[in-house]
Amino acid sequence: MSKNLHEQSSEILAKVIDLPKKDALRKIEDLCEKNENLKSNVIELYLDIESEDFNKDEQDFKPESPSKSKIRVNPLPTKIFGQLRTLLLEKKWYRYLSLSFVFILLIVIGMTIRNGFKKQLLKDQQEKLEALLDIQSETLLQWMQGEDRISNTLSQSSEIIEIATYIDSIVSLDDSYELLKKQDLQSDIFQEFDEIRERNNLEGLSILHKDDPVVLLLSEQSASGNGKLFSHLELAGVFYDYMRASKKRGIGTTHFPPLPDYEILIDIPEGLNVGTYISFSTPILKDSAIISYMFTQYNVKNKFSEIMNNADHGKSAKVFAFSWDMKLLSTDRFEKELQQTYLLDFDSTKSSIQSFEIKDPGSDITDGSEPAKALIDQDYTTAMDEYFLQTEVTGYQDARGVIMMPYRDHRGVEVVGAWAWYNMLGFGLVAEEDAYEVLLSLRYFDVALILFFIILAILILMLNNLNVKFLKFGKKWEEFEKVGQYLLQEKLGEGGFGTVYKAKHSFLKSEVAIKLLKKEFIGTDALDRFEKEVKASSSLSHPNTIRVYDYGTTDSGQFYYVMEYLSGLSLDKVVQSYDEFPSSRAIYILLNTCYSLKEAHEKGLVHRDIKPANIMLCNQGGAYDVLKVLDFGLVKNVDASVSQQTQINRIGGTPMFMAPERLRDPFNADQRVDIYAIGAVGLYIFSGQYIVELISQKMLSGQDTISGGLNNQLIQREDIPTELKNLLMDCVHFDVEKRPKNMDELIIALEKIQEAYSWTRKEAEQWWKSYDVYS
Amino acid sequence: MAKNQEVTQILKNYTKGKDDANLYPMVYDNLHDIAEKLYRRERANHTLQPTLLVNEAYMSLVDQNNIDWKGRTHFFAVGAQAIRRILVHHARNRDAVKRGGNQIRVDLEERLAFSTDKDEVVLSLDEALEHLAKEHERQAQVVEMKFFGGMKMQEIAEELGVSIKTIEIDWRVAKAWLKRFMSEEI
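Chains as they are written, first to last, in our numbering: chain A, 2 to 776; chain B, 41 to 226.
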């Protein structure tokens, strides 16, 4: 053979280049037979190609590298994501599972935020309650210091000293107090004492014996506003204990915690106001000696409670004072409500001060209902409990606490609160606010959150449905990729009516071509016509006619039909590959086209669009130049029901190869339009130009008219047999009657010419070998 | 006739071999002019791909309204040839000497750019292609068209009248051959 080493190597490489490496090397071994030189050359080249391909494959994963085949760029993350999506969303249960998971996750996040919000809310509340207690205790302290000063000043006034001296003198005369008892309280000196009290705006003023537990003189504001005077009242033990303790602290004003009058006096004389009093005591000095003690007293339900109630705010926030034995010392904010309950014996006049122990009734009693717990079973409220436990431990030291866990107060209403015990003052304070009010904003938050979750749930449900649609989209894509039993692979071409894809049967893996008709045909009656025509053309079985295997509509309603897949060239391309097209091959092509058309015409089908692009030359299983006529009867009769734009196409067919009578009558379906087209194709084969061009060129250059001796000049080549030239000119005759009558006639004529010009198998093979060199 | 129309006319009635003699000088001259202008500017950072150059020549020499794809393909095939010659001449004129010892690696996938440091690449590739042409003419043509003309596989196949599969194999085998040849030669 004349082939050089490299040419031989190239041929061998072409055969193995796409095989797996192992197979390739084995095949190289076989193909090189015993030619060691060739073998080593081939293997060296092969390894180079192979390693480069390998590198290229690796590079293909980098999206930025240019000149890549688009199909290969499938970045790994996308793939993983895609698989994940498929796994999570495509399987029904997995989808529910993953969506529920997302929902639960969002709920958890929502709850976390809610708890954070609640925590912050309670923290703020706690600080507020503590601040409230501090302010209240400070205010009380200042009030008391003010009272201290008043007492101090008063005790040093000459009037008081005078009265004290007078009383002292009486008592010193008779230590059995009989003389004092006999004194006429209406006398001027005693009346002046009452006036002093009134002038100083005091609720109670009294003078106490410097040693004995006896009130020598007491003036009190009566309900009517007039003063009342009492003398010689014996002090109760509790009060006297306080008294002695204060004496030890030395001179100056001391104060007593609020005490009920029965703890101040042993016998309460008729007409004395009952109540709980906060008292201030100041020694009355004469010549630096204590002659007696002056007492000022205030009923806690007045000024003291007023100060407390200043702190009331909102709908339920309240501050009250409580005694060591856990009773109210100031008027409750909700006294009116309490008066409707058993706590104040349903008595609308009874004061809440000192009337009951601060205990948890076990249920809300503000509506007047019975407590859930019997009185005997009731425990102190949590605030009181804490106070009691802590002061027990510390021995009545200052103590305080905050309770943010809602508990029931003495109304049985859930509250949060803070308490403090001020040992110096001898009472404690409690600040409480209804939990409902405190957590109201939390409630709003909860409502918002629940609404949010409801919306979220709806959205997720919708998303779920959306996903279904998403998946349907995916399925549509798949449908697009899968038509009937066939998997679409690549686009082969696109025409005015549809797109042709290469496809594979999903089981047989045999290759087919599928034409998907354009969507605008959906729902038009053109579709019915297509269907009929596909049916008709599928009945054609001549080997020169492309086989139509199947047709149908996709789920999306697109009409498609399945054809034989042809590996070859259109006549167009073959013509271009030649400088001078051999006559024998031209005759071969024309004749085979006629064979195909003969069958069709006999079955009443006219192709009407014969053109080089519709004639394929194939290399089929080693048979070279197998001719196939495509697009049978499928392009015609598209009528006006299709949109304006496509109406242009309704004539159907390529004008360059269209018989002139069809220009006048688009629906002309005479067999002889095909005969004309064959003639035009023949002229095209030899000249590479369209008949219209040929004619116009001749006419423009002033040569013969169509009717004249155009024939020989149309095709200038000398090597073409005259019979063929004449036959072709007959075919393209504008007068239909002068064309060959039918296919049989044309075939007979062509076959006759062919006798002298045969296109051999060998010639065909040679051409194909030079075209597809490595086949 | 204007040059533009002349070239268009030649391309329209193109027959291989016969018309190359007429077409080639015109394409060459035009490309040479464009290239010279570029070289005169001669900035290291100013580079132009030869394929873009051919395109530029095509735009100026051909009446695009009056030509089909076949004509365009012919033009680019001829342009590739011209570009190759221009690059080689330029490199020779600059007395670029192939340095021994240094292995020159040509990445044929990478588009060649006009820059002086590629001179030796151009010269050694030109030489290698001449050798390849003796071994396998079509493969050398494929490389020329693709590398110097920036033509697509389909265009080369149409120009050479063979199947695209043939061209793809030619390209791969030729690359391997050139790689070996150029590394052995040094």
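Among the hints, a few may not be true.
Claimed, not checked - For lysine to aspartate or glutamate, the following EDC-like pairs were computed, each having C-alpha atoms within a straight-line distance of at most 16 Å:
no., chain 1, residue 1, chain 2, residue 2
1, A, 4, B, 208
2, A, 519, A, 565
3, B, 219, A, 551
4, B, 205, A, 212
5, B, 205, A, 415
6, B, 205, A, 551
7, A, 182, A, 199
8, A, 249, A, 212
9, B, 110, A, 491
10, A, 574, B, 175
11, A, 211, A, 169
12, A, 316, A, 415
13, A, 510, A, 534
14, A, 119, A, 149
15, A, 483, A, 551
16, A, 16, B, 208
17, B, 174, A, 415
18, B, 219, A, 51
Simulated from the structure, these hints should not be mistaken for laboratory data.
Here's how the hints hold up against the structure:
Taking the CA atoms of residue 4/A and residue 208/B, the gap is near 20 Å; set against the 16 Å cutoff, the hint is violated. Annotation: proposed proximity of residue 519/A to residue 565/A is violated, straight-line Cα distance about 20 Å (limit 16 Å). In summary, the hint linking residue 219/B to residue 551/A is not supported, as the alpha carbons are separated by about 50 Å, beyond the 16 Å threshold. Restraint check for residue 205/B and residue 212/A: the C-alpha separation of about 131 Å exceeds 16 Å, so the hint is violated.
Under the criterion of a C-alpha separation no larger than 16 Å, the hint pairing residue 205/B with residue 415/A is inconsistent with the structure, at around 88 Å. Pair hint residue 205/B plus residue 551/A does not hold up; C-alpha atoms about 30 Å apart against a cutoff of 16 Å. Between residue 182/A and residue 199/A the CA atoms are separated by roughly 23 Å; this puts the pair beyond 16 Å, and the hint is violated. For the hint linking residue 249/A to residue 212/A, the alpha-carbon distance of about 13 Å falls within 16 Å, and the restraint holds.
Distance restraint check for residue 110/B and residue 491/A: the Cα-Cα separation of roughly 25 Å exceeds the 16 Å cut-off, and the hinted pair is therefore not satisfied. The suggested pairing of residue 574/A with residue 175/B is violated, with an alpha-carbon distance near 28 Å, which exceeds 16 Å. With a CA separation close to 9 Å, the supplied pair residue 211/A and residue 169/A stays within the 16 Å bound. Straight-line distance between C-alpha atoms of residue 316/A and residue 415/A comes to about 14 Å, which keeps the hinted pair within the 16 Å bound.
Of the pairs offered as hints, the one joining residue 510/A and residue 534/A is violated, with about 27 Å between alpha carbons and a cut-off of 16 Å exceeded. A threshold of 16 Å between alpha carbons decides the hint, and for residue 119/A with residue 149/A the separation of about 45 Å lies outside it, so the pair is violated. The straight-line distance between the Cα atoms of residue 483/A and residue 551/A is roughly 14 Å, inside the 16 Å bound, and the hint therefore holds. A hinted pair counts as satisfied when its Cα atoms are at most 16 Å apart, and residue 16/A with residue 208/B qualifies at roughly 13 Å.
For the proposed pair residue 174/B and residue 415/A, the alpha carbon gap of about 104 Å is over 16 Å, so the pair is violated. Straight-line distance between C-alpha atoms of residue 219/B and residue 51/A comes to about 13 Å, which keeps the hinted pair within the 16 Å bound.
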